[in-house]
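Asks: All chains, full assembly: derive it from the sequences and hints.
Number of protein chains: 2
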Amino acid sequence: MTVRRTARATVRRLPERGRYDRDVIDTILDEGLICHLGFVADGAPFVIPTLHGRDGDTVYVHGSAASHALKTLSQGAPACLTVTLVDGLVLARSAFHHSINYRSVMLFGTARLVTDSEEKMRALEAVTQHVIPGRWADVRTPNEKELKATSVLALPIDEASAKVRTGGPKDDEPDYALSVWAGVLPLGMSVGEALPDAALPAGIAVPEYVRRYSRGK
Amino acid sequence: MTVRRTARATVRRLPERGRYDRDVIDTILDEGLICHLGFVADGAPFVIPTLHGRDGDTVYVHGSAASHALKTLSQGAPACLTVTLVDGLVLARSAFHHSINYRSVMLFGTARLVTDSEEKMRALEAVTQHVIPGRWADVRTPNEKELKATSVLALPIDEASAKVRTGGPKDDEPDYALSVWAGVLPLGMSVGEALPDAALPAGIAVPEYVRRYSRGK
Numbered sequence: 004m005t006v007r008r009t010a011r012a013t014v015r016r017l018p019e020r021g022r023y024d025r026d027v028i029d030t031i032l033d034e035g036l037i038c039h040l041g042f043v044a045d046g047a048p049f050v051i052p053t054l055h056g057r058d059g060d061t062v063y064v065h066g067s068a069a070s071h072a073l074k075t076l077s078q079g080a081p082a083c084l085t086v087t088l089v090d091g092l093v094l095a096r097s098a099f100h101h102s103i104n105y106r107s108v109m110l111f112g113t114a115r116l117v118t119d120s121e122e123k124m125r126a127l128e129a130v131t132q133h134v135i136p137g138r139w140a141d142v143r144t145p146n147e148k149e150l151k152a153t154s155v156l157a158l159p160i161d162e163a164s165a166k167v168r169t170g171g172p173k174d175d176e177p178d179y180a181l182s183v184w185a186g187v188l189p190l191g192m193s194v195g196e197a198l199p200d201a202a203l204p205a206g207i208a209v210p211e212y213v214r215r216y217s218r219g220k
Numbered sequence: 004m005t006v007r008r009t010a011r012a013t014v015r016r017l018p019e020r021g022r023y024d025r026d027v028i029d030t031i032l033d034e035g036l037i038c039h040l041g042f043v044a045d046g047a048p049f050v051i052p053t054l055h056g057r058d059g060d061t062v063y064v065h066g067s068a069a070s071h072a073l074k075t076l077s078q079g080a081p082a083c084l085t086v087t088l089v090d091g092l093v094l095a096r097s098a099f100h101h102s103i104n105y106r107s108v109m110l111f112g113t114a115r116l117v118t119d120s121e122e123k124m125r126a127l128e129a130v131t132q133h134v135i136p137g138r139w140a141d142v143r144t145p146n147e148k149e150l151k152a153t154s155v156l157a158l159p160i161d162e163a164s165a166k167v168r169t170g171g172p173k174d175d176e177p178d179y180a181l182s183v184w185a186g187v188l189p190l191g192m193s194v195g196e197a198l199p200d201a202a203l204p205a206g207i208a209v210p211e212y213v214r215r216y217s218r219g220k
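These protein sequences, in sequence, are chains A and B. In this text, residue positions in the first sequence follow my numbering: the first is 4, and each later residue adds one. In this text, residue positions in the second sequence follow my numbering: the first is 4, and each later residue adds one.
Hints are computed from structural coordinates only; laboratory data are not their basis. This list has only true hints and no planted wrong ones.
Listing some non-contacts, in silico: residues in chain A with all C-beta distances to chain B over 10 Å:
1. M4
2. R8
3. G21
4. S77
5. E122
With a Cα cut of at most 20 Å, we get these calculated SDA-like pairs of lysine to any residue:
6. B/K173 - A/L150
7. B/K151 - B/A68
8. B/K74 - B/S120
9. B/K148 - B/T118
10. A/K148 - B/Y179
11. B/K151 - B/Q78
12. A/K173 - B/I207
13. B/K151 - B/T118
14. B/K74 - A/V14
15. A/K173 - B/I135
16. B/K173 - A/E149
17. A/K74 - B/T13
18. B/K151 - B/M124
19. B/K173 - A/A152
20. A/K173 - B/P204
21. A/K74 - B/L17
22. A/K173 - B/A202
23. A/K74 - B/A47
24. A/K173 - B/L150
25. A/K151 - B/R16
26. A/K148 - B/D178
27. A/K151 - A/S77
28. B/K148 - A/E176
29. A/K74 - B/A10
30. B/K74 - A/R15
31. A/K173 - B/N146
32. A/K151 - B/S102
33. B/K74 - A/T13
34. B/K173 - A/A197
35. A/K173 - B/P145
36. A/K173 - A/G21
Even for Gly, the Cβ is constructed at its ideal location relative to N, Cα and C.
Replies: Here it is as structure tokens:
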């Protein structure tokens, strides 16, 4: 399955890095912990980091009902939601050919304010499970008051593109003679040891899904 | 030293998390490997991930002279440059109080196209050194042709804010009685083993600044 490839959702710089199949797009959306959400207010761009979650063909974001971003976007302002994973530094022999290995998705569209309380609950489950799979079943789910204080926006995975760079550096032919180390330095996410809350009673063990937390795959 | 605190550069949601001193802002800008750059074209927002580098009071970004983002921004379109560091998952007893520990900066303004070739070279040095300190002195620096193919934009650190969350979860009083593990799961950047380019001659060792790569501090 592929997405709708509009002009703005087509990778123009280095088009060979463009990907339009949903498998690639969904994998990046799911592996990336946070997204950067863009909107326009008074003609100027705003880019805010926020958590997201995917349920099928929909990406959900949530926030305070009082948030500037959510208020603006729920009124029909166009959105751009970008998720970026950095996989490594690409160290070439020339400064010019330095790069990074990355996987990114840009999602364009108009967000829909989720008003149905069942969908809202499912969306919050999707975001929580996106952040840490297994958590939703363990915690107290939102009550009426909390649901009311939370705005949820839905963005369809429709007009979108992914951009992916992999592999080693590519230098200009003469530069291969230089005595400069070249290669890739892999980067990823590190997970530390879980730190229990000071108010946690003794005897509540760190759950398996916290101890084994990792993103991707 | 603090930044200019305009309306749009003031943290409105959870204002207690707002920071306006340059030390905090600069540290986040320097530790974050990439930024997300927002601009408006045809009334719609675009959010693109890109590398940046700081030199004193200026943040530089670079790209192909043919890039849509750089062309749009160099014509005076307003910009928002956001850098986000994720420090951990904050796992509360209720879904509602889940959060993440993060440090982010939003920089607003109008970018200036760097035309002076000396400043352009310094900017590319700043970006390279931002990505991997020590690299610039080792590699072949850009030639005339490469400089011409590269656009560099300068954004002053002037109208900006940082937003910082630290610490453990805060639950509602009754939820402390629940038998749910709560705490913080620290996250950061992992650095793998350097992978030499296939074309690298034997005898060129991995440089110290690659082997000991880390971000922050």
